[in-house]
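Protein chains: 4
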Amino acid sequence: MATSLLQDLLNALTRRDFRDRMPHPGIDGRPATAQELRLACEELLASDGEASSIGLARQVLDLYVTLDPEEVGAFFHLLLDAFGPDRAAVDTAYEAYKQTDSELSLSHLFDACEPRRQALLRRLNLAPGGTLDLVRMREGLLKRLRDEEALVPVDRDFSHLLSSWFNRGFLVLRRIEWQTPASILEKIIKYESVHAISDWNDLRRRLDPRDRRCFGFFHPALGDEPLVFVEVALTSEIPGDVQDIIHAEETPANLDAPTTAAFFGISNCQYGLRGISFGNFLIKQVVQELKQECPSLETFVTLSPLPSFRAWLDAVHHDAVEYLRLPDAWRETLALADAPDWHSQPESVAALEPVVVALVAHYLCETRNAEGYPQDPVARFHLGNGARLERINWLGDVSDKGLHQSLGIMVNYVYAIDEIENNHERYVNEGHVATSRGVRKVAKAAADGLKEKKQ
Amino acid sequence: MATSLLQDLLNALTRRDFRDRMPHPGIDGRPATAQELRLACEELLASDGEASSIGLARQVLDLYVTLDPEEVGAFFHLLLDAFGPDRAAVDTAYEAYKQTDSELSLSHLFDACEPRRQALLRRLNLAPGGTLDLVRMREGLLKRLRDEEALVPVDRDFSHLLSSWFNRGFLVLRRIEWQTPASILEKIIKYESVHAISDWNDLRRRLDPRDRRCFGFFHPALGDEPLVFVEVALTSEIPGDVQDIIHAEETPANLDAPTTAAFFGISNCQYGLRGISFGNFLIKQVVQELKQECPSLETFVTLSPLPSFRAWLDAVHHDAVEYLRLPDAWRETLALADAPDWHSQPESVAALEPVVVALVAHYLCETRNAEGYPQDPVARFHLGNGARLERINWLGDVSDKGLHQSLGIMVNYVYAIDEIENNHERYVNEGHVATSRGVRKVAKAAADGLKEKKQ
Amino acid sequence: MATSLLQDLLNALTRRDFRDRMPHPGIDGRPATAQELRLACEELLASDGEASSIGLARQVLDLYVTLDPEEVGAFFHLLLDAFGPDRAAVDTAYEAYKQTDSELSLSHLFDACEPRRQALLRRLNLAPGGTLDLVRMREGLLKRLRDEEALVPVDRDFSHLLSSWFNRGFLVLRRIEWQTPASILEKIIKYESVHAISDWNDLRRRLDPRDRRCFGFFHPALGDEPLVFVEVALTSEIPGDVQDIIHAEETPANLDAPTTAAFFGISNCQYGLRGISFGNFLIKQVVQELKQECPSLETFVTLSPLPSFRAWLDAVHHDAVEYLRLPDAWRETLALADAPDWHSQPESVAALEPVVVALVAHYLCETRNAEGYPQDPVARFHLGNGARLERINWLGDVSDKGLHQSLGIMVNYVYAIDEIENNHERYVNEGHVATSRGVRKVAKAAADGLKEKKQ
Amino acid sequence: MATSLLQDLLNALTRRDFRDRMPHPGIDGRPATAQELRLACEELLASDGEASSIGLARQVLDLYVTLDPEEVGAFFHLLLDAFGPDRAAVDTAYEAYKQTDSELSLSHLFDACEPRRQALLRRLNLAPGGTLDLVRMREGLLKRLRDEEALVPVDRDFSHLLSSWFNRGFLVLRRIEWQTPASILEKIIKYESVHAISDWNDLRRRLDPRDRRCFGFFHPALGDEPLVFVEVALTSEIPGDVQDIIHAEETPANLDAPTTAAFFGISNCQYGLRGISFGNFLIKQVVQELKQECPSLETFVTLSPLPSFRAWLDAVHHDAVEYLRLPDAWRETLALADAPDWHSQPESVAALEPVVVALVAHYLCETRNAEGYPQDPVARFHLGNGARLERINWLGDVSDKGLHQSLGIMVNYVYAIDEIENNHERYVNEGHVATSRGVRKVAKAAADGLKEKKQ
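These protein sequence lines are chains B, A, Z and G, in that order. Numbering (the numbering used here) for the first sequence: 818 to 1272. Numbering (the numbering used here) for the second sequence: 818 to 1272. Numbering (the numbering used here) for the third sequence: 818 to 1272. Numbering (the numbering used here) for the fourth sequence: 818 to 1272.
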């Protein structure tokens, strides 16, 4: 019975035995230099794609991780300066194109313009484990990019190839559960970025109960490494409090036919794949999977944080937002939230609720960033996917992080299959924010309140 | 216990259920036209990579297969004419580059030169099963290319992307055996191109005995479809007769520690991946696998056909090869092979052997094609991989095909790990043909024989 | 990522490599004798269950298959005579029990009565592959049992242990499809006993279309060997013609939500497990699986042969059934079926239909065997499972076999979940045959017809 | 590509979905009573093995776990009293046997003597998950057995069936590694009984390094539950200190070809399977696996505790062992070990070493229990398997447990393939303890020392 494709993948990617290569020893036991690495890259490019290239590629990747930090920087600059296209060839090809004006000459021009970096990256990808190493290499590059804009062309090459290799068509959706290999689960603990997982018991509580689901995208060449994953709770109504979900000790006994799937955490795992989007595909495929498994599900909804609300509110508070003036009564009320434990004081809580909820509604529905979209990145993600802003939940996350980011507010976005397309279109073209009637009402009242006082 | 990566791959790729889409119905039940398809492609490109693009991509691929043959041709020409790069943008980008002379401007020029075809192909790849559909589409393109050279730029785009996607780093080596799923095995029957497999019993005879091995490369996005596979017999000596191997009824009882692995068939499976080479990687990885499984193996050798020897011999015979004159005695002897059943006549066989073997030695060692390499494609493949021409086997394949192609000659090429690198180098740089002492001797004698008579 | 349980099973059971043992050479290259085997068995029993026992067990099983037929018989008699319980110990234990009358003494008596054969079989089961070998050994025993009733006690021991080992709790339900390993599929071809599968293409036609299903029970220790399997067609109505199903070239295009699952073949695979029933469990579990996969299914029905109808009819025809007299008109009509190609002659067909259908209805509903149950074994199986006799299909199987067994009649039994329990009870207790209204009507008319004429 | 056997196993055993049964609610929400359970058992036995029996079996097992502790006891007594064999039938069968004296009548007597408990247990095993539930049930029984010897006959029935079901032929060897499902790994943490695993990081340190191995036996019907597992370190010499192994932070860089496999922990996992031995099979199969994977291995050795040495030494110390008198000097030295931190005081350590090692050698080589075998259970296990006592390691385990059990002594037993058989034979027949020359020397010296003083 079949040595399976999986087994092969596994053998190739995760088996440890005494054939394993030794850890990277550098050159003569010392770290390599950028120049030495450059020479190795040239040698790799000069090799002819034969089996020996695999060994050379492995060697380059092994040497790379021995580089000291400044040599890493120097190496990226060498990639920039020494592995671009051959400019003379570009000029020649351009001239040929201008003479013949043919599609073929354009094709040759395209080839001439392709930086040698791209060929190099493809060669490096020959090595076993090479794809992951290249993702990690780009991680280092992205960090440097913040201060060294000059490296942008190098990143464009990484980005070009990684986008092609991580095409949706090559990704694999996989359920993550307590029966999943520990080598994968430890990465879930590591990469969960929305509501931190404290340890293996916490992880088990998130995965094992029969009303919990977790799915991730994987790429065959990355083996155990998830690209992105989403955590889901199956419930009988739209949840408003994430702590209830995370700390639930047991499944409600009567949950036989859940009606609602609540996505309460979506985490991107590979910083080196920044800008290559999977989250939207993931949510929509998970919706399909869940519907198939559990036909009683009717509502697919997120329970999402509002990571930049507090920053905006602070700006408003300090009159940094030009057109907006907070009514004095609201200012006073908001001052209650300066007390460190305000959320456990019933009066503060009661007073703050209407004000904060109104401001969140206004923030999400009315304010825009420079490109004309909502200011909150999570809102942009879900609304851009075609979801609808459904509900604003007061004290939906009273963790330190939740209080700090959004005064404890959590938001639900609903993915309604028959309106996704339309919402998406109107969002992209008009910056339109799809909202439920309830949110709309609050937003309108908030606008009135704010307007009134502004006079 | 893990829902495995494999299961996901499988679920995604091979599961059949009632959610399956219906077979392609075209537009209103009639085949699509090239123009309609073009419009669908434009729509796909205009979509924004959202989940809805997946559906559009699937639709385009489904419509494509409904095209009538002439519409297929028209569609490729539309790809050529309407999906190239934006020429104005190319010119602008070139000017910007000439002004700034910066790497960034070159990067923009590269982008401007990228034909829209490539973006289109990447989008099409979003569809489930899209990769295989694109490989099949290129198959159709390659066939047209023979007569319509104008389509070359289109093929360059296919080739560019497929090379990147089918990078060695993404391939998976997999043993193929009698326990392998039938859906894969039927493809082995279909794709075996060297020594045809007549039916499932024949297949079983090739895979199941404990002295047989078969390995293939697979790509995760292609599921059941092999890319290339190799058939191996484990033996106690270098075999010379392929019929013995193919029709062997049972494993020699005393074969406890085979010394020799004989590769007797290498078949490329995807015509649509022509020009993207896997065979060399496959052989070398299989050598490693076998060594690990069976440490007694010492010799790795092929038993290979000589597909174009007969054609060359006929040319020589008709004095079409300028510099070469066959001695009259040889001509007379060769005439014996005109009898339909010469190979069952002991005298003909005895007379022909020295002459044919000498000519094969000469053909392989001395003659060259326009690029300076041997004329036989199989020889070029193995010698280019760094193998050594080891032995020429008289009556090594007396099947109709074998007699027709090479008067029944089969050849052994040895893959000797410690000389591969050097052989490969010399072959590439000097066109040097690595040979065993025995073959060298025969080739020399042949050269003398031919020279003598040429005077 | 996990070396999986499956892999281990597979490694253990199906991997072929050069560590494999050589085929059974007997003793000094000649077949063993029953006496020699007996000695080996004694040695195995004397060993202490240590790892070395595994080797001894393997040896006994390997020697067994070298026995000549008469030695096989002799060996079974040795098992009978020399491997029973120790009779003195039985007597002693019985006396002890009569004195103490304790449960413990009974437990010791039970031990004393256990034939040494059972310990021997458990020891033999230690060998890799031993379970299958023992099933095969019982196969040989069952064949001899027909003529040698003396061997019954030996079979009771086999049966006792196999029943325990093949407890339903240890069986695994597995879908069989075109993606299933060829090593399993070849066994489906071999074991299909209802409607023979002619070759791999025929098999593919049965498994691959999206409206076909096949499921089997497997036992982990038997690896590739199925125990029993069932073939299913998903349809939009209860089918009456099995040839339509078997030779269907394609799935009806409009079959999006099948309402009916038709079980058209149930095959037991291991003759050596005769008397250990799995078929009822299989059908009921498959009903659950299908409902889960395809919620539109409402009707679960068989399309079954009537293997012994013709024999009964012949007996009636020859007045061998005492109480039953065929009306003369019926006799005349039935004579039409003596023509070899009657079923292609419209008039014969039309005349025969009412008579044969009436007789089948009578045969199934009214006649009984000595134990008070229907005479047809297939009917006993399904009715015993709680199914209902639903419909009698004229010319439901015009294959040679179908015509021969039942004049082409096929029968539907419906498994209606809410009446299974009750049907089963009444069948077991009263021999009640659950029937549809339609069949009941026909049976009644038939009874009247027969009665009338009997006067 | 195949829904695999594994998948089926998994689906059957580990998948959680909304079809799962609710947790056992008892009867009307209250715990069941023993009498109620008895009635359910009778009903199950009266059912006819049909599919409905599966549901009944599940129900009985679910009710069982709701029993209060005293009702559990009552239930076992009901099993004893009400589910024995039918005594009248036993008597009748015995008489029939005495009359006919036939093997068949003995077979019937055997059947008559089989307690109804066995049929009941087989029926209970029909339920999904039933096997594990029965193992757990026996766990409860074994605990009661200590005080209630009357229940022995009940346990004999459990033991009889479990031995048959957990026959070596049904077990599956499986590597346990960091890629293994977390649901299995958590059980490794839970069941490790020799050197406790503190948490998941500790577990990773035991499994993940390339010089560590872990293997376990699994039974297909028990899914994730291991039966027994062994932890192995690959080293370049026989290790003497277990803390070095357990706390090793990294693999020695130069360990390319380990020569030694050290088994440093063997844990039985299922108390309910007590008395059904797997450990010996496990060690021997793991030796084979490791040899295959890593041909450089030459020595297979344990690093074992000495769990009952200290108890023996205390007895000797208090002159409780009749024939043995400690020399006064030894007594004085041994008193040093009364200091709580003696093992960190170099002088105490130096003084104690020769005395303690001598006593261990004497204890293992010379002393015997009532049956004539060594007193130490771990020694009995390995020597009984045919291993040789190789070396006594002073301060081989300075954990609290190690110091407490054996004054920190650890022992190596070598499994030498070519002497296992012989050692085992001599051990079983003569109580012979196979020892290395080194240990023999020490034992002899110790004997002399002890003898001398005894006078």
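Source of the hints: derived by calculation from the structure; they are not laboratory data. Hints may be right or wrong, so weigh each one.
As the list claims (entries may be wrong) - FRET-style restraints, in silico, Cβ to Cβ:
#, chain 1, residue 1, chain 2, residue 2, range
1, B, V1138, Z, R1027, 54 to 60 Å
2, B, T917, Z, A1074, 55 to 61 Å
3, A, Q1060, B, E956, 45 to 51 Å
4, G, N1239, Z, A936, 54 to 60 Å
5, Z, A1074, B, E1115, 40 to 46 Å
6, B, T917, A, A906, 53 to 59 Å
What the hints assert, rightly or not - Below, computed lysine-lysine pairings styled on DSS-like, alpha-carbon distance capped at 25 Å:
#, chain 1, residue 1, chain 2, residue 2
7, Z, K1261, A, K1004
8, Z, K915, G, K1007
9, A, K1108, G, K1108
10, A, K1007, Z, K915
11, G, K915, B, K1004
12, Z, K1108, B, K1108
13, A, K1218, A, K1004
14, B, K1004, G, K1007
15, A, K915, B, K915
Virtual Cβ for every residue (Gly too), placed ideally from N, Cα, C.
Results for each hint:
Checked against the given bound of 54 to 60 Å, the beta carbons of V1138 of chain B and R1027 of chain Z, roughly 59 Å apart, stay inside it. Our hint of 55 to 61 Å for T917 of chain B and A1074 of chain Z holds, since their Cβ atoms are close to 58 Å apart. Distance hint check: the CB atoms of Q1060 of chain A and E956 of chain B are about 56 Å apart, inconsistent with the given range 45 to 51 Å. Hint check: N1239 of chain G to A936 of chain Z, Cβ distance near 25 Å, so the stated range 54 to 60 Å is violated.
A beta carbon spacing of about 20 Å between A1074 of chain Z and E1115 of chain B contradicts the range 40 to 46 Å that was offered as a hint. Against the hinted window of 53 to 59 Å, the Cβ-Cβ separation of T917 of chain B and A906 of chain A comes to about 18 Å, which falls outside the hint. Pair hint K1261 of chain Z plus K1004 of chain A does not hold up; C-alpha atoms about 56 Å apart against a cutoff of 25 Å. Between the alpha carbons of K915 of chain Z and K1007 of chain G the distance comes to roughly 47 Å, so the proposed pair goes past 25 Å and is violated.
For the suggested pair K1108 of chain A and K1108 of chain G, the alpha carbons sit about 16 Å apart, so the restraint of at most 25 Å is met. Under the criterion of a C-alpha separation no larger than 25 Å, the hint pairing K1007 of chain A with K915 of chain Z is inconsistent with the structure, at around 74 Å. For the hint linking K915 of chain G to K1004 of chain B, the alpha-carbon distance of about 71 Å lies beyond 25 Å, and the restraint is violated. Proximity of K1108 of chain Z to K1108 of chain B is assessed by CA-CA distance (about 16 Å); at most 25 Å being required, the pair is judged to hold.
With a C-alpha separation of about 22 Å, the suggested pairing of K1218 of chain A with K1004 of chain A holds against the 25 Å cut-off. For a cut-off of 25 Å, the pair hint linking K1004 of chain B to K1007 of chain G stands: about 22 Å separates their Cα positions. A distance of roughly 15 Å separates the Cα atoms of K915 of chain A and K915 of chain B; the hinted pair therefore holds under the 25 Å criterion.
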